[in-house]
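Q: For this one, chain A is given, so just place chain B with the ligand on it according to the hints.
Residue strings, one per chain:
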Amino acid sequence: MATVEKEQQAVSTNGHYKVIGTRPIRHDGVDKVTGRARYGADTRLTGMLPAAMLRSPHAHANIKSIDTSKAEALPGVRAVVTSADLPDATDRVANLGEGTVNLKHLSDNVLAGDKVLYRGHAIAAVAADNIHIAQEAVKLIQVEYELLPPVLTALEAMKPDAPLLHDDLRTDDLGEIADTPSNVATHIRFEKGDVEAGFAAAEVVVEREFHTATVHQGYIEPHNATALWNADGHITIWMSTQGTCTAPQQTAELLDLPVSRVKVVPMEIGGGFGGKISVYLPPVAAILSKKTGRPVQLVMSRTDVFEATGPTPGSAIRIKMGVDGQGRITAAEAWLAYEAGAYPGSPVGAGAMCVFACYDVPNGKVDGYDIVVNKPRTNAYRAPGATNAAFAVETVVDEICEKLKLDPIEFRINNGAKKGTRRIDGPVYPRIGMEETMAAIRDCEHNRTPLEGKHRGRGVATGFWFNIGLKSTAQATVNPDGTVALIEGSTDIGGTRASIAMQLAETLGIAAEDVVPTVVDTDSIGYTDVTGGSRVTFATGWAAYLAAKDIQGQMIERAAKIWDCDVTAVDYKDGGVVGPDGKRFSFKEIAAEAHKIGEPVIGRGSADPQEPGGAFGTHLVDVEVDMDTGKVTILRYTAAQDVGTAIHPAYVEGQIQGGAVQGIGWALNEEYFYDDQGTMRNSTYLDYRMPTTYDLPMIDTIIVEVPNPGHPYGVRGVGEVPIVPPPAALANAIYQATGVRMHELPMSPPRLLHEILKQRASNGDQ
Amino acid sequence: MHDFEYEAPTTVADAVQLLANHNGSARILAGGTDLIDQIRLGRFAPEVVVDVKKIADLQALEISADGLKLGAATPCYRIYGDEAVCRDYSALADATKIIGGAQIQSRASVGGNLCNSGPAADSTPALIALSARAVIAGPGGTREVPVEEFCTGPGKNVLQPGELLTALVMPARPAHSGSHYLRFIPRNEMDIAVVGAGASVVLDAAGETFVSARIALGAVAATPLYAKEASELLAGKPVGDEAIEAAMAASRKIAVPIDDMRGTVEFRKHVTGVLTRRALEKAIARARENAGS
Ligand SMILES: Cc1cc2nc3c(=O)[nH]c(=O)nc-3n(C[C@H](O)[C@H](O)[C@H](O)COP(=O)(O)OP(=O)(O)OC[C@H]3O[C@@H](n4cnc5c(N)ncnc54)[C@H](O)[C@@H]3O)c2cc1C
Chain A
1 MATVEKEQQA
11 VSTNGHYKVI
21 GTRPIRHDGV
31 DKVTGRARYG
41 ADTRLTGMLP
51 AAMLRSPHAH
61 ANIKSIDTSK
71 AEALPGVRAV
81 VTSADLPDAT
91 DRVANLGEGT
101 VNLKHLSDNV
111 LAGDKVLYRG
121 HAIAAVAADN
131 IHIAQEAVKL
141 IQVEYELLPP
151 VLTALEAMKP
161 DAPLLHDDLR
171 TDDLGEIADT
181 PSNVATHIRF
191 EKGDVEAGFA
201 AAEVVVEREF
211 HTATVHQGYI
221 EPHNATALWN
231 ADGHITIWMS
241 TQGTCTAPQQ
251 TAELLDLPVS
261 RVKVVPMEIG
271 GGFGGKISVY
281 LPPVAAILSK
291 KTGRPVQLVM
301 SRTDVFEATG
311 PTPGSAIRIK
321 MGVDGQGRIT
331 AAEAWLAYEA
341 GAYPGSPVGA
351 GAMCVFACYD
361 VPNGKVDGYD
371 IVVNKPRTNA
381 YRAPGATNAA
391 FAVETVVDEI
401 CEKLKLDPIE
411 FRINNGAKKG
421 TRRIDGPVYP
431 RIGMEETMAA
441 IRDCEHNRTP
451 LEGKHRGRGV
461 ATGFWFNIGL
471 KSTAQATVNP
481 DGTVALIEGS
491 TDIGGTRASI
501 AMQLAETLGI
511 AAEDVVPTVV
521 DTDSIGYTDV
531 TGGSRVTFAT
541 GWAAYLAAKD
551 IQGQMIERAA
561 KIWDCDVTAV
571 DYKDGGVVGP
581 DGKRFSFKEI
591 AAEAHKIGEP
601 VIGRGSADPQ
611 EPGGAFGTHL
621 VDVEVDMDTG
631 KVTILRYTAA
641 QDVGTAIHPA
651 YVEGQIQGGA
661 VQGIGWALNE
671 EYFYDDQGTM
681 RNSTYLDYRM
691 PTTYDLPMID
701 TIIVEVPNPG
711 HPYGVRGVGE
721 VPIVPPPAAL
731 ANAIYQATGV
741 RMHELPMSPP
751 RLLHEILKQR
761 ASNGDQ
Chain B
1001 MHDFEYEAPT
1011 TVADAVQLLA
1021 NHNGSARILA
1031 GGTDLIDQIR
1041 LGRFAPEVVV
1051 DVKKIADLQA
1061 LEISADGLKL
1071 GAATPCYRIY
1081 GDEAVCRDYS
1091 ALADATKIIG
1101 GAQIQSRASV
1111 GGNLCNSGPA
1121 ADSTPALIAL
1131 SARAVIAGPG
1141 GTREVPVEEF
1151 CTGPGKNVLQ
1161 PGELLTALVM
1171 PARPAHSGSH
1181 YLRFIPRNEM
1191 DIAVVGAGAS
1201 VVLDAAGETF
1211 VSARIALGAV
1221 AATPLYAKEA
1231 SELLAGKPVG
1241 DEAIEAAMAA
1251 SRKIAVPIDD
1261 MRGTVEFRKH
1271 VTGVLTRRAL
1281 EKAIARAREN
1291 AGS
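Residue numbers (the working numbering), protein chains in the order written: chain A, 1 to 766; chain B, 1001 to 1293.
Excised from the complex, chain B in its bound form:
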């Protein structure tokens, strides 16, 4: 394994400064569950590794009237270990519960999952379904990007040299809302999504009509996708097979998967529809149980 220096700043400003000083030859370390292996395999050969776990802000997990603020380095186990997250941001709890096993979850962060920018990242479709925005700090200050616009290709994203992701912010959840994330894997554990789907719905008080919905897909394109048409067509429609089937078809339409060792194009396209249905059905069931808190 390649030798590198290790830095662990305690403020965002120091981190930004360190990154600026190393001008592209530094890599950010959160849980390291992707990064360490990538260095070991020679995919990255950074001169400096900047550990951001010691920055208090990046370990945040705050729920307020404005919504959820999740520090970029907050590990999975704290996320699904939080009752309010499980209740109101269920899709995120679902995703963080299935990333790796207990060992991985005690380190791996949602920020790292997003910044690694793999098409099959489990938490990203959940974030998109929950309308999350990425908060980015850099030499020029901070900016926000909707998560569906964050990834630009496999392993690529909008971060510029010197920038780091500090938080993910999600709006407050209204009454009669519910969400779910699930993935298809051939085994039952320790596997990478062949297709992933996240859905969030807001229903009317009777639980019979979609007020709004957001559907997101993983592993069926070069980046996780927001299924815009599938999401928008549900608004105002009665909850039922007809609407769900229309959403399934619209999801399948935007899936542009590849054939590889994990699945075929045929399989992924078909299962995109299947998981769209399953994600919606569970989100609907949760929404119907949610009278507001």
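With the rest of the complex left out, here is chain A:
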């Protein structure tokens, strides 16, 4: 890893930077608003064939046989694939940028082998002359199933007599592998201090159990892949992905080919939120292309997206927390069971690390369980695992504050994690901004304005997310007119072309508009990790900073040559090179000079930064509840977040607002609603109720800047943590409005009304 000068770090962006902290128009803006931007499903290649998928109508069944002969005989059908066309992946593991993956599971998820594990599980695909023929042919594929009972929740799946999804899955119980198969893939534990002594010292102990539903990221653009298996054995895939470089890795592993044989062309992406890292379609489209000799395109429907991509897990969580008479947390315990979906790999580990991460907990114990159920294999979703945990712990904190008559904001400040606090899972925090976000909320106009009116309530909650660093590459070419062409491998989801270009511009002292950023394919740029983990502005921004530093060095050399002096006599300052006797070239001038004399100037930057800087967010919400229907109306919402340094404040606000909105949806109405056969009954946007603009107030944001000591410009990731606090903040507000504590998500009108009616009945009225 390259070293970085940190001297330019400042406490706040205000006035310290020329480009950072301003709001230039994003470089891809015109294409986006004119509809010219090209998304994966816009791909049209000569001779391209559309393809359709056969998906399992059952949640759990053995596949006895698959007969594709009728489909193959249908005129217009060009090729059919099943798992028999995939290389055998048994016993292969691979590191695919998201940690170690069991390839057999990944392969079976792409096309089911001898078992289907959830409704919507892909079984076969057909490429044909048009999509109607392909869909018709899919119906002609005959699959003989042996139906098995489905198991749909973590708690059910943990029971000893539960139907088993995998007969070779044995629990990894704190490192020991069990003898008998189970749906519990792993049990992890973190411990700190003496929990029993801690609870003994508490004045109040609250213990509660929570349940949360499976929810989907709900990105607008469905998954797609267009593949061409060229006659020379090279494969090109045009697709929507968060992992430009991990998608070819996964695809190559699944096809058992060297990674250099697969090139991915990342198209514009209509949202991902973590759900577009795993590969579903590319290997299938590639094999269809190989069989037909033509490019083949697969595009999911919305129902496919719901049923067969990677939502975030439903969970069961128990929290126990003790607080002494001084209002200090003495001990805390958590038990988390997360549904992994059909294959192991829920984010329970992250949930277990995040659950008490906002607090200084002297004695703690956290147990986490990763459990397979007959639902789609879960995947990352904005701060994966943390929202479930925060809903539980922040509700318990609110109840403790009520019992001890403590102000919930002061309680959180007094017990908040700060520099030097050791988390239960081990790490000691560097400088973080948990307290600052709390203080920002305490002091904001919203909080200082009393909330009046019947059945109204105000709630607060906080949340943490780690963020990640990982590898990124950037390359910058200086043009003779003093502009810079910047190429990068991070697909742009939240305006990162702009935020990366701005860091390059700041470093060179030029305007953001003078940088032209382009996201390129995997043959054209060095390895770059996923657009995820809130890492792109942090890590790819860092690579751009390094590329700019590289350019600075080359410009210094060039100026020294022109001025005929020693390089040590030349410096790069204020957007140009300065030499002896007040000599100076602005960047534009030296770019023009450099073009006349000597080799072209190309800057390269590659980074693998290690200190992403954890992010904290605190949200405050006012609600009004219709006591006759249980409908919650959000009156006002304010989110404060430590963002390190806001490179492009508008996109920072956008991330905070977007995260809050997704958290609100998760809190109030979104859920995978299953019948007892394991069929999701609401796999469309009509019944999977994401909030619309009519359901949301303005989300006011407060940007708190506690610069990350681990980044040249103090950047912290911002994209994920804002989804963490909303469910708990809303639950706490609903309690204030109604006197009802909600322990289950979503807090939909039927659930909330049920609790209100129960409370009324027990109070003896009506």
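There's no promise every hint is true.
Claimed, not checked - Derived lysine to aspartate or glutamate pairs resembling DMTMM-like cross-links, with alpha carbons at most 20 Å apart: (1) B:Lys1282 with A:Glu755; (2) B:Lys1282 with A:Asp626; (3) B:Lys1282 with B:Glu1163; (4) B:Lys1053 with B:Glu1007; (5) A:Lys263 with A:Asp42; (6) B:Lys1269 with B:Asp1259; (7) A:Lys320 with A:Asp194; (8) B:Lys1253 with B:Glu1229; (9) A:Lys320 with A:Glu191; (10) B:Lys1069 with B:Asp1003; (11) A:Lys139 with A:Glu72; (12) A:Lys596 with A:Asp626; (13) A:Lys139 with B:Asp1003; (14) A:Lys758 with B:Asp1259; (15) B:Lys1253 with A:Asp628; (16) B:Lys1253 with B:Asp1241; (17) A:Lys64 with A:Asp129; (18) A:Lys70 with A:Asp129; (19) B:Lys1269 with A:Asp626; (20) A:Lys549 with A:Asp628; (21) B:Lys1069 with B:Asp1057; (22) A:Lys64 with A:Asp88; (23) B:Lys1269 with A:Asp628; (24) A:Lys758 with B:Glu1266; (25) A:Lys159 with A:Asp172; (26) B:Lys1269 with B:Glu1289; (27) B:Lys1269 with A:Glu755.
Calculated from the structure, these hints are not laboratory results. All of these numbers come straight from a predicted model, not from anything done at the bench.
A: For chain B with the ligand alone, coordinates are given in the frame of chain A:
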């Protein structure tokens, strides 16, 4: 999507003839906001789609001393865009204003809403509250059916093969009458009724006593319901909590909802009462402002 032929007759007689010729393999298209999606999803695979929008009669919107005659294919935006409808048949305006968004409303018809026969159809309880009758044309001539008897189950109705709905007719509105339709949805737009309620009341001149009332419910049974007992018990009663609570209880009694992704039995039963009250209260307020036109 399944291939089909397209026909667009311009008279009711031609439409009836076309339907007869295709003997059950034709589907009628009005706005198509239900039908096209249903064909796309494979629920229907018609050989012929008969577009009835080009028949002038089916685009009618006429108010006379006899009442309102609404062509079966008249789109929502024209209905709530009509001042007289908004004033006298407010429940129908309320319902057509909330069916989908602007795009849907520019195509979707009340006739299509009724013929699709979904239990949660928004305009049907409004029609029932307003005493609407369905005018049906078929090979044997025309017949009329009260709207509350039109639907026979989810997606099912009294139309026989070869028949089409031509109009919905509603009696004239007396002075001191008012009506309202509302629904409960968890969101504020783009959602399907979890419970719907329509109410129409006629009050005495003082606005203190119910002369008559009609209450209708949606999404709480296999078909939209006319709440007969709840409606009839109001006649002659003073306007007030006691009468309204009796109507709420009677409405709840006939609600036989299901548990599904949209709501629970408990929720729907409770909210049936709540919406009965809210529909009545707004209808009463409107009736009190209505001195007759
Ligand atoms: C985005 C969206 C939002 C929606 N929101 C709502 C909503 O909020 N509330 C609601 O109630 N509905 C809603 N709908 C459903 C639909 O728009 C309504 O049911 C609409 O009123 C249907 O009218 P149409 O003219 O489009 O009917 P079509 O789709 O043309 O027809 C519907 C059915 O009735 C039959 N039919 C139509 N006309 C006749 C006729 N004259 N005689 C005999 N049969 C006939 C057709 O064959 C078909 O089976 C929504 C639909 C969409 C796509």
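Q: None of the hints should be skipped; say for each whether it holds.
A: We went through each hint and held it up to the structure:
no. : hint                     : in the structure
1   : B:Lys1282 with A:Glu755  : 28 Å, violated
2   : B:Lys1282 with A:Asp626  : 17 Å, holds
3   : B:Lys1282 with B:Glu1163 : 37 Å, violated
4   : B:Lys1053 with B:Glu1007 : 11 Å, holds
5   : A:Lys263 with A:Asp42    : 18 Å, holds
6   : B:Lys1269 with B:Asp1259 : 11 Å, holds
7   : A:Lys320 with A:Asp194   : 14 Å, holds
8   : B:Lys1253 with B:Glu1229 : 10 Å, holds
9   : A:Lys320 with A:Glu191   : 14 Å, holds
10  : B:Lys1069 with B:Asp1003 : 35 Å, violated
11  : A:Lys139 with A:Glu72    : 11 Å, holds
12  : A:Lys596 with A:Asp626   : 73 Å, violated
13  : A:Lys139 with B:Asp1003  : 16 Å, holds
14  : A:Lys758 with B:Asp1259  : 18 Å, holds
15  : B:Lys1253 with A:Asp628  : 18 Å, holds
16  : B:Lys1253 with B:Asp1241 : 18 Å, holds
17  : A:Lys64 with A:Asp129    : 30 Å, violated
18  : A:Lys70 with A:Asp129    : 16 Å, holds
19  : B:Lys1269 with A:Asp626  : 16 Å, holds
20  : A:Lys549 with A:Asp628   : 63 Å, violated
21  : B:Lys1069 with B:Asp1057 : 10 Å, holds
22  : A:Lys64 with A:Asp88     : 18 Å, holds
23  : B:Lys1269 with A:Asp628  : 12 Å, holds
24  : A:Lys758 with B:Glu1266  : 11 Å, holds
25  : A:Lys159 with A:Asp172   : 16 Å, holds
26  : B:Lys1269 with B:Glu1289 : 31 Å, violated
27  : B:Lys1269 with A:Glu755  : 15 Å, holds
When each numbered hint is compared with the structure, violations occur for hints 1, 3, 10, 12, 17, 20, 26.
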